[in-house]
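Below, each chain spelled out in residue letters.
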Amino acid sequence: MTFHRFVFRLALPLAVILSIGGCDSRSPLTEKPKMTFGVSMSTFTSPYASAAVKEFKRFTQEQGCGLIILDAQNDIQREAFNIDNLMAKRVGAILVNTVDSKGSRASLRKAARRGIPVICFNSSVDRPEELGVRAYSGPQYYEQAVSAARVAIQHNPKAKVVMITGEPGYSAANEREKGFTDMLAKDGLGMKMLDIQTANWMRENAQRVMSDFITKFGRDIDIVYSQDDNMTAGAVNALKAAGYQRDHRPFVISIGAMADGLPLVRDGWIDSTIMQSPKEEAQLAVNVALKVLRGEQPETFKNHFMTTSPVGRDNVAEIIALHLWD
Amino acid sequence: MTRRTNMPDASFQTLLFRGRLPLIIGALLLFMAFYDRSFFIPENLINIVSYSSINGLLAVGMTLLMISREFDISVGSNLVLSGVIAVQVASRFGATAGFVAGIASGAVMGLINGLLVAKANINSFISTLGTMVIYQGVAFALTDMKPVACNLPAFQGLAEREFLGLPAPIVYFLSVATVLWLALKFTRVGKNAYAIGGNIQGCRNLGINVDGWRIGYFIICGGCASFAGVILASRLGAASATFGENVALVVIAAIVLGGVPLSGGAGSMPGVIGAILLLGLIDSMTFYLNVFGYYQKLFWALLLIGVVVFDVVYARRENRRLELAELLLLKREPGRENTEVTS
Chain P
1 MTFHRFVFRL
11 ALPLAVILSI
21 GGCDSRSPLT
31 EKPKMTFGVS
41 MSTFTSPYAS
51 AAVKEFKRFT
61 QEQGCGLIIL
71 DAQNDIQREA
81 FNIDNLMAKR
91 VGAILVNTVD
101 SKGSRASLRK
111 AARRGIPVIC
121 FNSSVDRPEE
131 LGVRAYSGPQ
141 YYEQAVSAAR
151 VAIQHNPKAK
161 VVMITGEPGY
171 SAANEREKGF
181 TDMLAKDGLG
191 MKMLDIQTAN
201 WMRENAQRVM
211 SDFITKFGRD
221 IDIVYSQDDN
231 MTAGAVNALK
241 AAGYQRDHRP
251 FVISIGAMAD
261 GLPLVRDGWI
271 DSTIMQSPKE
281 EAQLAVNVAL
291 KVLRGEQPET
301 FKNHFMTTSP
311 VGRDNVAEII
321 ALHLWD
Chain Z
1 MTRRTNMPDA
11 SFQTLLFRGR
21 LPLIIGALLL
31 FMAFYDRSFF
41 IPENLINIVS
51 YSSINGLLAV
61 GMTLLMISRE
71 FDISVGSNLV
81 LSGVIAVQVA
91 SRFGATAGFV
101 AGIASGAVMG
111 LINGLLVAKA
121 NINSFISTLG
131 TMVIYQGVAF
141 ALTDMKPVAC
151 NLPAFQGLAE
161 REFLGLPAPI
171 VYFLSVATVL
181 WLALKFTRVG
191 KNAYAIGGNI
201 QGCRNLGINV
211 DGWRIGYFII
221 CGGCASFAGV
231 ILASRLGAAS
241 ATFGENVALV
251 VIAAIVLGGV
261 PLSGGAGSMP
271 GVIGAILLLG
281 LIDSMTFYLN
291 VFGYYQKLFW
301 ALLLIGVVVF
311 DVVYARRENR
321 RLELAELLLL
331 KREPGRENTE
341 VTS
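Order-wise, the sequence lines are chains P and Z.
Take 1 as the starting number for the first sequence in this note's numbering and just add one per residue.
Take 1 as the starting number for the second sequence in this note's numbering and just add one per residue.
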């Protein structure tokens, strides 16, 4: 095909469109009276994400707001594209569950410079206040890890520990590692960290990592600390496969109180996990955005942390009854 | 007789999008004009082209290679590794050094691929699959799996500046595409690619330095991929070993959509550019049609397959019409048979 034929064939429909008035920059959306929120999620394919997406839909509807929710597919370039699209759509506020603590900064800065309120939820970036991001809402990962470390120290102050981490680069993974090791360095000087390996938030990977740990350290492992329940479920599978019994096994500490983790707490395979409700998180993010839009947050940047409390065998029944993950 | 030689033949790839791509793009745009006019605000149109630029650079770079009947599935890792190298060098030795190092490293990666294919005679699918994992592994090792950042304004300026109101990535993409298009159409670079893709043994017999040219095409492909990687790193002010997975498949799909058969020997640059824009357009449409998140991928794929099916059906009909016209012409003008046999 020659180039002028290409141009010619493209020109005809384009002319029609332009004559319809295609270059009209007034978007029909901005003419609607209701406020529309733009949400960019790092991924849609995790138990956390699907519960949060559902709650975003339900809660924004309840508040009488519109919602555009997009999947970045864990791809930094797609996230940038999504955020640009949301800006072009003139949404009232952009809520971002960032893919990468460094790589997402440029897009957030661009949106903030346009004067659109930007709120990070669930995961944040390095020094968000410098970029003009108005708020972070979600769990305080560092504190979650500190509580997990407290549980570990209380259980056995001379224990040998293995750690399974989430995907490097996620603020959640970094903080849940730092909080734990900082706490051990402070109050758990008798404890020993045998090894730290990543399972990228994946259950299968965690199962493999845990099997490797068992092969390498065997009965030396006193405590398993895994950064979320999904991975912990994999680690528990590895323990079962290696022939450990429910009452004779390493102490298992987890974070998340997720749909896969709670039954394991009830059945006695996980000793402790930390509460983090995706429903509460989605609602908090929308409420924080509304607050910023109404001018009720005087600070240029503010952290809005969720309450996070430990879940053990004593209170697991109540938590399961809340149906956090439906 | 020109009509008969230009007639679309029955194979899938050559039928695809010969001249119909702009019609399809036009039809989609027309649909959007009725659905949501805010789609046509300049900002959105620029967004579409701007985000197509990265894949576009990868695609135009690989077009020459695919015409010569090879392909490179390591472009995604190349993009990642050159971005990482650019960021790390730039943080130590300044922005310009970073750009140069990034692009040079990509050309070297292309050279390695070329040597493996042309000199060691390893099938390009296997060799570039291997180097894909190697390049990504190097990127993992260099970064410790953590994102690396470079906040030098000069480094971020490469992608953030504007030319005549157009974002820089678009300008880079269009310049590279134009240069390669001209090279493909008017120079030995292009002619040899078609010849090698068409009949490699014949080219050897004619004394063409087949291996040299193929290595050259791999270097062009690697260079373009690393240029894309450097632009991406500059736009984000950071690079990470996990950025550009699965890019190669989309790029190869776009090139095939654009009319380059997997068996090489044919295709054109405008076709590939059009296909890249089509993919970007479909991407943006899923957003503007407000397709809910979970169905976006499904919608994207269905629309893409719908476009291809439409194209094949349309092409078949056009083909039949041409045959009919031929028959009528033959009846009216006796004596034409001779000219056809010779053509």
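These are calculated hints, taken from the structure and not from any lab test.
Don't be surprised by glycine CBs; every beta carbon is placed ideally from N, CA and C.
It is possible that part of the hints are untrue.
[What the hints assert, rightly or not] Examples of chain P residues lying across from chain Z (beta carbon under 10 angstroms, computed):
hint	residue
1	Asn82
2	Asn174
3	Gly295
Hints, verified against the model:
no., hint, result
1, Asn82, "holds, 8 angstroms"
2, Asn174, "holds, 8 angstroms"
3, Gly295, "violated, 27 angstroms"
Hint 3 from the earlier list is the only one contradicted by this structure; the remaining hints agree with it.
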